[in-house]
Amino acid sequence: MSTSQSQASLSALADRWLPKLVLSPTLLISLVFVYGFIAWTGWLSLTESRLLPQMDLAGLIQYQALFENDRWWTAVTNLGIFGGLFIGCTLAVGLFLAVLLDQKIRAEGTLRTIYLYPMALSFIVTGTAWKWMLNPDMGLQKVINDWGFPDFTFDWLVDPDKAIYTVVIAGVWQSSGFVMALFLAGLRGIDDSIIKAAQVDGASLPVIYWRIIIPSLRPVFFSVLLILSHIAIKSFDLVMALTGGGPGTASDVPAIFMYQFAFTRGQLGLGAASAMMMLMTIVAVLVPLMYMETRSAKRG
Amino acid sequence: MAKHLTPGRIVLYAALLLMAIYYLLPLYVMLSTSVKTLDDIRGGNLIALPQSITFDAWSKAWSSACTGVECGGMKGFFWNSVKMAVPSVLISTLIGAVNGYVVSMWRFRGSDVLFTLLLVGCFIPFQVVLLPMARLLGELGIANTTSGLILVHVIYGLAFTTLFFRNFFVTIPDELVKAARIDGAGFWTIFFRILLPISGPIFMVCVIWQFTQIWNDFLFGVVFASGESQPITVALNNLVNTSTGVKEYNVDMAAAIIAALPTLFVYMVAGRYFVRGLTAGAVKG
Amino acid sequence: MAALSINNVCKTYANGTEVLKGIDIAIEDGQFLILVGPSGCGKSTLLNMIAGLDDISSGDIEIGGKRVNDLSPKDRDIAMVFQSYALYPSMSVRKNISFGLEIRKMPQGEIDATVERVAQMLQMTHLLDRKPSQLSGGQRQRVAMGRALARNPSIFLFDEPLSNLDAKLRVEMRTEIKLMHQRLKSTIVYVTHDQIEAMTLGDRIAVMKDGIVQQFGSPQDIYDNPANLFVASFIGSPSMNFIPAQVVESAGVLGVKICDDQGCVILPLPHAQDKMQPWLGREVIFGIRPEQITDARTAYRAGLPVMACHIDVIEPTGPDTLVFVSLNNTKVCCRTHPTEAKLPGHSMELVFDVSKAVLFDPATEQRIA
Numbered sequence: 001m002s003t004s005q006s007q008a009s010l011s012a013l014a015d016r017w018l019p020k021l022v023l024s025p026t027l028l029i030s031l032v033f034v035y036g037f038i039a040w041t042g043w044l045s046l047t048e049s050r051l052l053p054q055m056d057l058a059g060l061i062q063y064q065a066l067f068e069n070d071r072w073w074t075a076v077t078n079l080g081i082f083g084g085l086f087i088g089c090t091l092a093v094g095l096f097l098a099v100l101l102d103q104k105i106r107a108e109g110t111l112r113t114i115y116l117y118p119m120a121l122s123f124i125v126t127g128t129a130w131k132w133m134l135n136p137d138m139g140l141q142k143v144i145n146d147w148g149f150p151d152f153t154f155d156w157l158v159d160p161d162k163a164i165y166t167v168v169i170a171g172v173w174q175s176s177g178f179v180m181a182l183f184l185a186g187l188r189g190i191d192d193s194i195i196k197a198a199q200v201d202g203a204s205l206p207v208i209y210w211r212i213i214i215p216s217l218r219p220v221f222f223s224v225l226l227i228l229s230h231i232a233i234k235s236f237d238l239v240m241a242l243t244g245g246g247p248g249t250a251s252d253v254p255a256i257f258m259y260q261f262a263f264t265r266g267q268l269g270l271g272a273a274s275a276m277m278m279l280m281t282i283v284a285v286l287v288p289l290m291y292m293e294t295r296s297a298k299r300g
Numbered sequence: 001m002a003k004h005l006t007p008g009r010i011v012l013y014a015a016l017l018l019m020a021i022y023y024l025l026p027l028y029v030m031l032s033t034s035v036k037t038l039d040d041i042r043g044g045n046l047i048a049l050p051q052s053i054t055f056d057a058w059s060k061a062w063s064s065a066c067t068g069v070e071c072g073g074m075k076g077f078f079w080n081s082v083k084m085a086v087p088s089v090l091i092s093t094l095i096g097a098v099n100g101y102v103v104s105m106w107r108f109r110g111s112d113v114l115f116t117l118l119l120v121g122c123f124i125p126f127q128v129v130l131l132p133m134a135r136l137l138g139e140l141g142i143a144n145t146t147s148g149l150i151l152v153h154v155i156y157g158l159a160f161t162t163l164f165f166r167n168f169f170v171t172i173p174d175e176l177v178k179a180a181r182i183d184g185a186g187f188w189t190i191f192f193r194i195l196l197p198i199s200g201p202i203f204m205v206c207v208i209w210q211f212t213q214i215w216n217d218f219l220f221g222v223v224f225a226s227g228e229s230q231p232i233t234v235a236l237n238n239l240v241n242t243s244t245g246v247k248e249y250n251v252d253m254a255a256a257i258i259a260a261l262p263t264l265f266v267y268m269v270a271g272r273y274f275v276r277g278l279t280a281g282a283v284k285g
Numbered sequence: 001m002a003a004l005s006i007n008n009v010c011k012t013y014a015n016g017t018e019v020l021k022g023i024d025i026a027i028e029d030g031q032f033l034i035l036v037g038p039s040g041c042g043k044s045t046l047l048n049m050i051a052g053l054d055d056i057s058s059g060d061i062e063i064g065g066k067r068v069n070d071l072s073p074k075d076r077d078i079a080m081v082f083q084s085y086a087l088y089p090s091m092s093v094r095k096n097i098s099f100g101l102e103i104r105k106m107p108q109g110e111i112d113a114t115v116e117r118v119a120q121m122l123q124m125t126h127l128l129d130r131k132p133s134q135l136s137g138g139q140r141q142r143v144a145m146g147r148a149l150a151r152n153p154s155i156f157l158f159d160e161p162l163s164n165l166d167a168k169l170r171v172e173m174r175t176e177i178k179l180m181h182q183r184l185k186s187t188i189v190y191v192t193h194d195q196i197e198a199m200t201l202g203d204r205i206a207v208m209k210d211g212i213v214q215q216f217g218s219p220q221d222i223y224d225n226p227a228n229l230f231v232a233s234f235i236g237s238p239s240m241n242f243i244p245a246q247v248v249e250s251a252g253v254l255g256v257k258i259c260d261d262q263g264c265v266i267l268p269l270p271h272a273q274d275k276m277q278p279w280l281g282r283e284v285i286f287g288i289r290p291e292q293i294t295d296a297r298t299a300y301r302a303g304l305p306v307m308a309c310h311i312d313v314i315e316p317t318g319p320d321t322l323v324f325v326s327l328n329n330t331k332v333c334c335r336t337h338p339t340e341a342k343l344p345g346h347s348m349e350l351v352f353d354v355s356k357a358v359l360f361d362p363a364t365e366q367r368i369a
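Chains as they are written, first to last, in UniProt numbering: chain W, 1 to 300; chain C, 1 to 285; chain D, 1 to 369.
Hints were generated in silico from the structure; no laboratory data involved.
Here's a subset of chain C near chain W, in silico, CB distances under 8 Å, partners left out:
| # | residue |
| --- | --- |
| 1 | Leu12 |
| 2 | Ala15 |
| 3 | Tyr23 |
| 4 | Ile41 |
| 5 | Ile95 |
| 6 | Val98 |
| 7 | Val120 |
| 8 | Pro125 |
| 9 | Gln127 |
| 10 | Leu131 |
| 11 | Phe187 |
| 12 | Val223 |
| 13 | Asn241 |
| 14 | Met253 |
| 15 | Val275 |
| 16 | Leu278 |
Note that the Cβ used here is the ideal one computed from N, Cα and C, for glycine as well.
Work the whole structure out from these sequences, hints included.
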């Protein structure tokens, strides 16, 4: 009797503690490798560290150096241009495709597969492919020239003022299918009777889309914005593969700046400071978006 | 509803077709370039069909192209990526499954807060952990090794895998767990005998997502691996940006397709799980 | 089989929400206890606490005289049937029933015999090799009950087991559960929000609201003598009529004054004189069930107060016709014989059987008389 009772309480105890025990390694990992490492990087950004990490605090000198660094500002400006255009175009193309595909299209499955496959590719592959296509000597420019427009030039890839736009082109190509899939899922989730009610009320198809369907996709817009801005701020691979940040430093973005200063130029402190700036940018963009999303979710 | 081909519908299909061409063009260009000869590439144009098909570029890309100083092709790096991706995917998925089980079915005081804490890992820009991670891998003696990369991918994949399984398990009525507890099943019995048998689809979603992410990763690869242990994305970038010798575009393209094949293959055979993973990851909120 | 006693049980969540505020219920071995109340009243939480799926904040729960507060669910010797049935989706019906027995290390031969016995009892032998997804709602319900029966526990717990069934099946299964109880004489705790289920199934009913047992007693007692306005309104369908009325004296007898647009009548309440005395001249809530306002033919005795009322709406239900009138500006439902009911717009003589009428305090909603 006493053994069966102690066994009983033992199993009750196990059920009580096992879940916490099982979750704890992951929590520990998260605590060390996410929170701890962020703190470590933050600390490093406040030191004079160059090739080797130093742990003596030195105030904001790295941030000061960062803000006086022209290359950093190039990177930030490029991020602004790239981010804005990339998010805007991807959103527009994705929504456009989703609305088109929502018209009871034949071969919808095939088309969706075609639009979405770039998402399965590495940004490096995408960059490699577009780098070849945008090659001014042998790429698309030559195709157009051969078609009878010998004066046509399309040399953005090697034009310092235009190189960042090529990243937009490749980025939109890669991500718009994904946005299409999200919007399409949203469109399919809309209650059919709302649309029928609007049709009975005599609304035309464009009006129904513009006034009823697209506004009800609000939560999808938030998710898409969230994901795209996340991709934009972190973008590294695509730029590396497509332009390598060049010509010169013309298409640098913060992620490349961080990588080069921290890992190839041995400026740990400056690299850490730029990483912290990236984190803060993400927080500054994501937190309001998520706040608005939860608020609209509660209202809806 | 059978629709007739009105002018509006024709425009609609034309637009859809045009977009399809836009998405397919780079794939076509990669494929056709990879089977052209260099002369054909220089003489013809980008979108012209190859004059003759040759797989020389493919075999060179696979076994003898130069990525920096090495000239062993993509072969070794391809296997590096396999050796890196398979264990990372499996480990992170299994841990994520158990984690998701706990935070959905065995919620305790504070478990929601802990889950939110964990989720932050999905959002941080990884640049912010690169420096300490590089240092740690160095101290552990696994810098520039595949094991090091596996560790990194498992650690930073956990937030996503946990999220996937949690979002799946919350759709299962918790009465199921209650019933099993009353039947006398404990924590692990419930997990293995009740929940795992119905978790097939979410395993697919999670494995495919993780595989795509890890196979396609470049940042961790370029920072934490060098020389022989590099994953294929890094090697491809090195190959394309090698400035020595004649630029062999056909080899570049063949290498790019080789690097893309595994994820493309997964996309082709299990596309619907892939899309589900994308949308599930998207509505994380 | 075992008695169950719940002593001053409270449940407070971490955020301070009090879900249960001192529950006292005791039933004997073999009794059928119903926990009934609107959603959020705490009835399911209480059931989960009996099962051991929820922690007890304070108080004691005893099964068969043994305190079970700290026992895990599997050690309490209980079985439970859930609203969603909670059948294990990957297992066949046979496995679903035998799972709990296997875990308890019952010898395989005994398991087979038990499954067979239960399957025959519930007439589902032909379903044993199907998966839950291949079963209809009623069949799933049966399997869920079979799973509980196979365990032969000291207490059965039912958590709204019939709410997912359609109306016809619900009535069938209700009878079957009652039949099972009569045969097995098992102790049962049954949670429902449906007062008809509560009335038809229970030996004892605990009517709950806001984490408090409003009334605990036999079904008939709760129906005839509701402790307060809430219990009176919750039990019975159509619901009891609540008419705000003044207590007046007429010919030395206290009664309530009831008016419609044509005139007034005073209904004397001889059974409640003492308790009404302090309320003379004041407003009370007069509670009377629909079947206590009826036509002259249905009223079982003569000499009852009669009032001619203007009919607003009628609702024929088949066996009865519900007649709605307006008394003291309140909509009042009366149950009449179908052939006696007049058409809306007409006037009809209604007989008031006040012997079971009740009075409530309008402020506290507690019973006066």
